[in-house]
Each structure stands twice: as structure tokens, then as C-alpha cells.
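Visitor: The listed protein sequences correspond, in order, to chains A and B. Numbering (my numbering) for the first sequence: 352 to 607. Numbering (my numbering) for the second sequence: 120 to 195.
Keep in mind that a hint or two might mislead.
[To be verified] Simulated DEER-style distance windows between Cβ atoms:
(1) B:K146 <-> A:N444: 44 to 54 angstroms
(2) B:D129 <-> A:A357: 22 to 32 angstroms
(3) B:E125 <-> A:E395: 22 to 32 angstroms
(4) A:M511 <-> B:E125: 45 to 55 angstroms
(5) A:V468 <-> B:A191: 50 to 60 angstroms
[Stated by the list, open to error] Straight-line alpha carbon distances no greater than 25 angstroms define the calculated SDA-like cross-link-like pairs of lysine to any residue that follow:
(6) B:K146 <-> A:T551
(7) A:K547 <-> B:G171
(8) A:K399 <-> A:T551
(9) A:K365 <-> B:M141
(10) B:K146 <-> A:N361
(11) B:K152 <-> A:G375
(12) A:K365 <-> A:D421
(13) A:K365 <-> B:F142
(14) A:K399 <-> A:V420
(15) B:K146 <-> A:L362
(16) A:K360 <-> B:K146
(17) A:K360 <-> B:K123
(18) A:K547 <-> B:G173
(19) B:K146 <-> A:R584
(20) B:K122 <-> B:G171
(21) A:K360 <-> B:G173
(22) B:K145 <-> A:T359
(23) B:K146 <-> A:S578
(24) A:K365 <-> B:K122
(25) B:K152 <-> A:A378
(26) A:K360 <-> B:E185
[Claimed, not checked] Quick look at which bits of chain B chain A covers, simulated, 3 or more residues with Cβ under 8 angstroms:
(27) 121-135
(28) 145-157
(29) 168-174
(30) 180-192
Please keep in mind that the hints were generated in silico from the structure rather than gathered at the bench. Note that the coordinates shown come from a computational prediction; the quantities given were computed from them, not determined experimentally. C-beta atoms are modelled at their ideal positions from N, C-alpha and C, and glycine is treated no differently.
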Amino acid sequence: MIEETAITKNLVCKTPAFRLLPLGFCAGCHYGIIFRLIDEVLEEMELKGITVCIGGGGCSAMGAMAMDVDAFGGPHGPGTAIASALKRVCPDNFIFAIQGDGEQGAIGLGSFVAAAVRGENITIITMNNACYGMTGGQLAPTTPLGMVTPTTPEGRDQEMAGFPFHGPELVAPLRGVAYAARGTVHTPANRQRSKKMVKTAFQKQLQRLGFAVVEFICACPTNWRLSPVDCARYIEEKMIPEFPLGEFKNVEKNEG
Amino acid sequence: MPKKGEIIIDERLCKGCALCVMFCSKKCISMGKIGPGGIPIAHFSDPEACTGCGVCGWMCPDMAIEVYEYVARRPL
Chain A
352 MIEETAITKN LVCKTPAFRL LPLGFCAGCH YGIIFRLIDE VLEEMELKGI
402 TVCIGGGGCS AMGAMAMDVD AFGGPHGPGT AIASALKRVC PDNFIFAIQG
452 DGEQGAIGLG SFVAAAVRGE NITIITMNNA CYGMTGGQLA PTTPLGMVTP
502 TTPEGRDQEM AGFPFHGPEL VAPLRGVAYA ARGTVHTPAN RQRSKKMVKT
552 AFQKQLQRLG FAVVEFICAC PTNWRLSPVD CARYIEEKMI PEFPLGEFKN
602 VEKNEG
Chain B
120 MPKKGEIIID ERLCKGCALC VMFCSKKCIS MGKIGPGGIP IAHFSDPEAC
170 TGCGVCGWMC PDMAIEVYEY VARRPL
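In isolation and in its complexed conformation, chain A is listed as follows:
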């Protein structure tokens, strides 16, 4: 007798329910991978109904508006201030802000550090692509030393433009901060590690432990003038030595 085996077809990876598809990003931009990752985490934690996502200016705001959650489009910079206010008004909702590196490190640095000092119970996702991507790739606070941009044609020089900005390391020693980490999405293994970081950061808000920030290093193939494949090598060789990966702070329970 022939033993019949039933073959089932399982969906491993599906297209998420985004409001705007296709996304407006350039080919090879890592932002799309990160928005998909955040969408997966929200779905796994069953937070979609109560989530409000704060977008700011720049490319990161495009994804925030495309996600299938309630969104607020703020001006360029005070994403953390808007998120703090919204969390105080609606303490039962889940609030997270998506910021670019220029938004967090330059124009919104004041509100970012102030929210961390106050220990606001919000989550911040930073996307560090080492340049101002939407306006043509000018020098941003996070540009590594020696990187050529339209405003630094000889490469970034510390005498002229200073040293790169490290957001999670800056706020990690503050008492109000519960979680600070940095990840990348340039390889599948790193992508899964970063997904775990986002999940932990979201749990800190649900446990009411305080401020959580996760920074992502991402590629900007258009403004780096590299192909998407070369961008992964550039991240490996130049970005990761400058911006170390890993968790800088992880508070397990409330100090009291």
C-alpha cells in the first residue's frame, strides 16, 4: 500500500499590510527592511490596535506614514517631545517615535536628551544612515570621519566638523533610560538580532520601566554612491568600527 503524505503549504513571509505600497524609498535602501521588522514585532506582540507612531522629517517619516498603525506627522526634530506629550495624555496607548540621525543628533538633540533625562516611558527608533538622505546626502552629525559628502568633499575632518554623534551611548548613563542598543540590518543574522532588540525595547514601555532607544545603522546607496551590495561591505568596514553594535544598557526592573 502506498503511504500518502499530505503536503501543506505554509506562509513563511508575507507582504505586510501597509497603507502605501510601493514605498517611496530608493532601491536598496535599508529603511524598508526596518519598517517590515517593526511591523512584524507589533504584530507578534499584538500591539497594532493601540499603537501611535510619531514620524518626523526626512525619509524616515515616509515609512511612518505608510505603516498600518495610527500615525502623527510632526515637524523635523521634536519627535521625542511629541511622543512624551502623547504618552502623558494617553498612558494606555503604545507610543513610539521614528527619527532619522540628523533629526535626533542635530535639530532634535535638545528634546531627545530632555526626554531621556525625564525618563519618559516611550520608545525611540533611530535610523542612522550617516547623511541627510532626503536633501542630497549632506554632512550629518553621524557621518564617520573621512566620509565624502557634498558638503565635505575632502572627507569629514574633525577640526572642521567635529566627531560623529553616538545617540545610545550618550543617553545610556542617565537614570531614566531603561534600554539603549544599536543594531544593523545588513545581513540576515544581524536583522534577527536587531528584531530582538526592538522587541525588548517595546517590552520596556509595556513594563513602564522608562525611556528606550534602538539605533539602526542603515545604508543609503543613492547618497553614498555605492551599489546595495557594496553598501553592506561599507557598513562592515567603516560604519561598525565607528558605531559598535550591541546593548549598552538593559534595566530589568524598576529602581523604586
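Fit chain B to the supplied structure of chain A, relying on the hints for placement.
Guide: Structure of chain B alone, referenced to chain A:
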């Protein structure tokens, strides 16, 4: 040998960045097909080798890839 996996690439969403080609460990996706926008896009060139691991789906920045895996089970 029975098929282990299958992917479906949405031609309207693919922008031809080739990240899926770079990360496919079985090399069953290749570039070259011209899409509706007139640019070269990815297509599923070797359906026999696909294992349905889902890595191309995770790494697609444009959410263009749906991944299915076939699981064989003995009847109860």
C-alpha cells in the same frame, strides 16, 4: 524530489536592488528580467533549489516577496 519552497515576487513592487540575490544561499533568484517599470528586476530562476527559508522575504526592502514552504506530513 518534491518541492520544498516557493517564492512569489510582486513585479509592481520590485525595484531591482538585488539584495535578495545577494542573500539567497541556494542562488535560486537572479536578475535580468525587465519589469513593468522598464528596469531589471529579480525573478525566481531555480524553483527546484528553493528551501523556503524566508531570508529573501526578510531582506526585501520593498515587501515584494512572499515565501511559502511545503511541509510533508504522514497522515494521522
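Visitor: Cut-off 8 angstroms, C-beta pairs, minimum 3 residues; does the coverage of the segment 180-192 of chain B by chain A stand?
Guide: holds (count 13)
Visitor: Given the hint that K360 of chain A pairs with K123 of chain B, does the C-alpha gap stay at or below 25 angstroms?
Guide: Since the Cα atoms of K360 of chain A and K123 of chain B sit roughly 9 angstroms apart, the hinted pair holds (cutoff 25 angstroms).
Visitor: Below or equal to 25 angstroms on CA atoms is what counts here, so check K146 of chain B against L362 of chain A.
Guide: holds, 21 angstroms
Visitor: Could you see if the CB distance from K146 of chain B to N444 of chain A stays within 44 to 54 angstroms?
Guide: holds, 45 angstroms
Visitor: Please work out if K145 of chain B and T359 of chain A have their alpha carbons no farther apart than 25 angstroms.
Guide: Measuring from Cα to Cα gives roughly 22 angstroms; hence the hint holds.
Visitor: Does the Cβ-Cβ separation between E125 of chain B and E395 of chain A fall within 22 to 32 angstroms?
Guide: Since the Cβ atoms of E125 of chain B and E395 of chain A sit about 24 angstroms apart, the hinted range of 22 to 32 angstroms holds.
Visitor: Tell me if the straight-line CA distance from K399 of chain A to T551 of chain A falls inside 25 angstroms.
Guide: holds, 17 angstroms
Visitor: Does the Cβ distance between D129 of chain B and A357 of chain A fall inside 22 to 32 angstroms?
Guide: holds, 29 angstroms
Visitor: Mind checking the alpha carbons of K360 of chain A and G173 of chain B for me, to see if they're no more than 25 angstroms apart?
Guide: holds, 14 angstroms
Visitor: Taken at face value, is the distance from the CA of G375 of chain A to the CA of K152 of chain B at most 25 angstroms?
Guide: Given pair K152 of chain B, G375 of chain A holds - Cα atoms ~22 angstroms apart, limit 25 angstroms.
Visitor: Below or equal to 25 angstroms on CA atoms is what counts here, so check K360 of chain A against E185 of chain B.
Guide: It holds: about 12 angstroms lies between the C-alpha atoms, which stays within 25 angstroms.
Visitor: Just to be careful, I want the Cα atoms of K547 of chain A and G171 of chain B compared with a cutoff of 25 angstroms; is the pair within it?
Guide: holds, 22 angstroms
Hint violations for this structure: numbers 6, 28, all remaining hints satisfied.
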